[in-house]
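Work out the full structure, taking the sequences as your base and the hints as a guide.
Each protein sequence line maps, in turn, to chains A and B. Under the numbering used here, the final residue of the first sequence carries the number 379; numbering is consecutive throughout. Under the numbering used here, the final residue of the second sequence carries the number 770; numbering is consecutive throughout.
Please keep in mind that the hints were generated in silico from the structure rather than gathered at the bench. Computed from a predicted model, the values in this text were never measured in an experiment. Heads up, some of the hints might be wrong.
Looking from chain A toward chain B, a few residues come up when the C-beta cut is under 10 Å (computed) [as the list claims (entries may be wrong)]:
| no. | residue |
| --- | --- |
| 1 | A169 |
| 2 | I176 |
| 3 | L215 |
| 4 | V345 |
The beta-carbon is built from N, C-alpha and C at its ideal position, and this holds for glycine as well.
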Amino acid sequence: MAERRDGAGPWAGVATARLGGLVRWDVVVALLLAAVLVYGFAGVDNFGATINLSFLIGNTMAVALVALPMTMLVVAGEVDLSVGSMAGLSSALMGALWNANWPIEYIIPFCILVGAAGGLLNGLLVTRLGLPSLAVTIGTLAAYRGLAQIILGANAVTDFPQNYLNLGAGRIGTTPIPYTFVLYAVLLLAAAVTLHATPIGRSLFAIGANREAAYFAGIRVKRLKLVMFVLTGTVAGLAGVVWTLHYASARYDNATGLELSVIAAVLLGGIDFDGGKGTIGGAVAGVFLLGTLQNLMSLADVSAQSQIVVTGILLVISVLGPRVARQIRDAVRRRRSAAPAPGAATAPDIPGT
Amino acid sequence: MTAVARRAPATEIGVPGSKRLVDRVLRIRELALLVILAVLVAGTEVGNHRFLSGQGVKDLLLNAAILVIVAAGQASVVITRNVDLSVGSTLGICAFAGGDYLRGGGSPLVGILIAVSLGAGLGVVNGSLVSFGRVPSLVVTLGTLYIIRGLDSIWVGSREIVAHDLPAGFVTLGHGGPFFLPYLAIIGLAVLIALAFYLRSYRGGREFYAIGSNTEAARLAGLPIRKRITAAYVLCGALAGLGGALYLARFGNVDSGTGSGYELTVVSAVVVGGVAFTGGSGSVYGAALGALLLTTINSVLPSLGVSSSWEGAIDGFLLLAAIAVDRLVALRVANVLRRRNVRHG
Numbered sequence: 027m028a029e030r031r032d033g034a035g036p037w038a039g040v041a042t043a044r045l046g047g048l049v050r051w052d053v054v055v056a057l058l059l060a061a062v063l064v065y066g067f068a069g070v071d072n073f074g075a076t077i078n079l080s081f082l083i084g085n086t087m088a089v090a091l092v093a094l095p096m097t098m099l100v101v102a103g104e105v106d107l108s109v110g111s112m113a114g115l116s117s118a119l120m121g122a123l124w125n126a127n128w129p130i131e132y133i134i135p136f137c138i139l140v141g142a143a144g145g146l147l148n149g150l151l152v153t154r155l156g157l158p159s160l161a162v163t164i165g166t167l168a169a170y171r172g173l174a175q176i177i178l179g180a181n182a183v184t185d186f187p188q189n190y191l192n193l194g195a196g197r198i199g200t201t202p203i204p205y206t207f208v209l210y211a212v213l214l215l216a217a218a219v220t221l222h223a224t225p226i227g228r229s230l231f232a233i234g235a236n237r238e239a240a241y242f243a244g245i246r247v248k249r250l251k252l253v254m255f256v257l258t259g260t261v262a263g264l265a266g267v268v269w270t271l272h273y274a275s276a277r278y279d280n281a282t283g284l285e286l287s288v289i290a291a292v293l294l295g296g297i298d299f300d301g302g303k304g305t306i307g308g309a310v311a312g313v314f315l316l317g318t319l320q321n322l323m324s325l326a327d328v329s330a331q332s333q334i335v336v337t338g339i340l341l342v343i344s345v346l347g348p349r350v351a352r353q354i355r356d357a358v359r360r361r362r363s364a365a366p367a368p369g370a371a372t373a374p375d376i377p378g379t
Numbered sequence: 426m427t428a429v430a431r432r433a434p435a436t437e438i439g440v441p442g443s444k445r446l447v448d449r450v451l452r453i454r455e456l457a458l459l460v461i462l463a464v465l466v467a468g469t470e471v472g473n474h475r476f477l478s479g480q481g482v483k484d485l486l487l488n489a490a491i492l493v494i495v496a497a498g499q500a501s502v503v504i505t506r507n508v509d510l511s512v513g514s515t516l517g518i519c520a521f522a523g524g525d526y527l528r529g530g531g532s533p534l535v536g537i538l539i540a541v542s543l544g545a546g547l548g549v550v551n552g553s554l555v556s557f558g559r560v561p562s563l564v565v566t567l568g569t570l571y572i573i574r575g576l577d578s579i580w581v582g583s584r585e586i587v588a589h590d591l592p593a594g595f596v597t598l599g600h601g602g603p604f605f606l607p608y609l610a611i612i613g614l615a616v617l618i619a620l621a622f623y624l625r626s627y628r629g630g631r632e633f634y635a636i637g638s639n640t641e642a643a644r645l646a647g648l649p650i651r652k653r654i655t656a657a658y659v660l661c662g663a664l665a666g667l668g669g670a671l672y673l674a675r676f677g678n679v680d681s682g683t684g685s686g687y688e689l690t691v692v693s694a695v696v697v698g699g700v701a702f703t704g705g706s707g708s709v710y711g712a713a714l715g716a717l718l719l720t721t722i723n724s725v726l727p728s729l730g731v732s733s734s735w736e737g738a739i740d741g742f743l744l745l746a747a748i749a750v751d752r753l754v755a756l757r758v759a760n761v762l763r764r765r766n767v768r769h770g
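Listed below in structure tokens is the structure:
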């Protein structure tokens, strides 16, 4: 892990600009994921079984879905902590409307629309009032979960039609791939193209890197951010529907703490919390690294509580790691420029934490 | 407000003047909170005459005391433009630690000390991560929220502490008190006054505000930023620990889920009380009033026939309303000042 790699990859300018001498973080995470997968297939009983792989993918879907728009939001320098509550609200609404005898064909689009509305409220408060997104979405984190509790109380609704439950939990033929993965693949493709191959994506990076400069370059900062918040809310609503069908249970406390997993995965994937840096690929690697680790821990009979500890620690490390590395590098660079050395000097060997 | 504005020297030194005016306006917040609180209590008293009986007042104060203590700690962190989301988990694990000791029949004072020092220790961890790692406090404390809760669950497992296990003197601390003044409220008030005095009149306290209003300026002025931020987190952790001990005394029932989601209530109380997320403004008295308002609303709801499941939503929307109002007032004030500056050339 040394040496600057100038012009590596299409997004090298963005990804390495401030990462400096480090190899791109998202590549490291992808390699880590590959290593964990190899370890799982080779060294852990039952890991490679079709049923286990389908559990792994199925349990990761909600996080994976929400991580897509969250990546774009964090790249633009904002964050949405209310996604877990939004998904819970969508789930509770689904149960309540089903109890009220709505046809499921109407319920699902309606729940997704409510997600969009929740995202719109977040976005309006952030862009029109100029409030910090952290503060706003902590508020809506409490508010949306509260609404979910008002709507459904402590009830659980489980009697959804079987064909829809199959759609949420079933898998394609004998492959370990759940149906929901197809939905995810489509959205993943859309997100990757939008973020990395369209003017919208470039604008998001520009906003995250320097909001003022982006504004003066003619980018409609507020409108774009608003759209991103609506998109995040929409996908969170969708994730609530997917969650409900996958676990065949609509409860107000579904998807509690989803925001932690999503943000941990996104930050782990090398998307900088300050904005302006990151790739969809990194986020995907982060999501599945986290999901695979949790799966492996379950197989090893590690309790759910210990898994929470591991997720929390990974979250802290993934924000702390790059910054500590940068601080060390800055300190080394300062010392080196104080004692002038020829350009042949190699970068310090910083562990990828 | 107009009287303040008329002799504003803001014409020459625009920014500090406007800052001061904004502060004054925000101070009116505490008055407004008092008025809302009074109206709320009076209105409920009209509907339900037992609301303000000796026992009613005692219940109100008992409910508020713990939140006031934890919110005061949180306020000192928010003033430095950081936040500590791990207070709920800290409260839970400290309550169990205190209870685990007291179950053997130990001295209540030692039990409380254990809880407070464990909280302070967790505060050191949070504070060091935030101040030395220079990472966003929200992300770090979101991480420690889950780490501490997870460790708590592993340690506690399915065990729980019930009031029966605790020494009688400790349980009395949680319920009793002279007249209608519970001991908990007296402790809360003492903490509040001490902390307010420190923040107002001591160098360290003033530096909390300085760091919160402009960290870069504080750095250039040579303030010990890392030390102060760590101190704020230690304070917050210790008070969350104290809150845990008092929670144990009051409810006598602690398990691995104690305090889950409490951070949202605490943050709501602090922000509703006028301690802005942007740092450098507000006071612990405001935070305490915010806490009192939230718990009073939650006590009023049942007597108005509203289900207690509204609590979460109300906390959240009040938080949103508070930050939105703060922002609107600040914008309005800034506009007024700018217009006046233009007029005076």
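Hint by hint, here is what the structure shows:
1. A169: holds (3 Å)
2. I176: holds (6 Å)
3. L215: violated (29 Å)
4. V345: holds (5 Å)
When each numbered hint is compared with the structure, a violation occurs for hint 3 only.
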